[in-house]
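Position 62 of the sequence shown, counted from 1, bears residue number 62 in my numbering, the numbering being contiguous throughout.
Keep in mind that the hints were calculated from the coordinates and are not lab data.
The structure displayed is predicted, hence computed values, not measured ones.
Treat the hints loosely; a few may be bogus.
Derived pair list, reagent style SDA-like, types lysine to any residue, alpha-carbon separation capped at 25 Å [as the list claims (entries may be wrong)]:
1) K18 / L29
2) K56 / C34
3) K56 / C37
4) K56 / R36
5) K14 / S27
6) K56 / R41
7) K19 / F6
8) K19 / I9
9) K8 / K19
10) K18 / F6
Restraint-style ranges between C-beta atoms, simulated for each label pair [unchecked claim]:
11) R36 / K65: 30 to 40 Å
12) C53 / K14: 18 to 28 Å
13) E61 / C37: 33 to 43 Å
14) V47 / P5: 56 to 66 Å
15) E61 / K24: 42 to 52 Å
16) K65 / P42: 56 to 66 Å
17) D30 / K56: 53 to 63 Å
18) D30 / V62: 26 to 36 Å
19) N46 / A25: 27 to 37 Å
20) S27 / V60: 28 to 38 Å
Virtual Cβ for every residue (Gly too), placed ideally from N, Cα, C.
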Amino acid sequence: MSSNPFRKIADNAKKTSKKWVNIKAESTLDTVVCPRCGAPRPVNTNVSSCDYCHYKFMNVEVLVKRNPGSV
Numbered sequence: 001m002s003s004n005p006f007r008k009i010a011d012n013a014k015k016t017s018k019k020w021v022n023i024k025a026e027s028t029l030d031t032v033v034c035p036r037c038g039a040p041r042p043v044n045t046n047v048s049s050c051d052y053c054h055y056k057f058m059n060v061e062v063l064v065k066r067n068p069g070s071v
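The task is simple: from the sequences and hints, build the whole structure.
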C-alpha cells in the first residue's frame, strides 16, 4: 500500500490547526458630549474644539507679552 502525501499534509493540518474560542466581552469608552451639538468625545483627550460644530471647549489662545527693556 502506498502512502498518500496529501493525506499526511491534511491530517497534520487538522492536528496542528489553531482552535479559536469565541469570547464575548464588552468594551466601554467614557465620553462627554458637546454642549452645543451633543457629539461625543472621549474623556481626558486634549481636544480644544468639537470636530462637528467647532464649539470651543477651552480657550487655548495665549498672549505672550514682551518684558520692557528686553531685546
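Inset, instruction - Give me the numbers of the hints this structure contradicts, sorted from smallest to largest. - result: When the structure is compared with the hints, numbers 1, 5, 12, 13, 16, 17 turn out to be violated.
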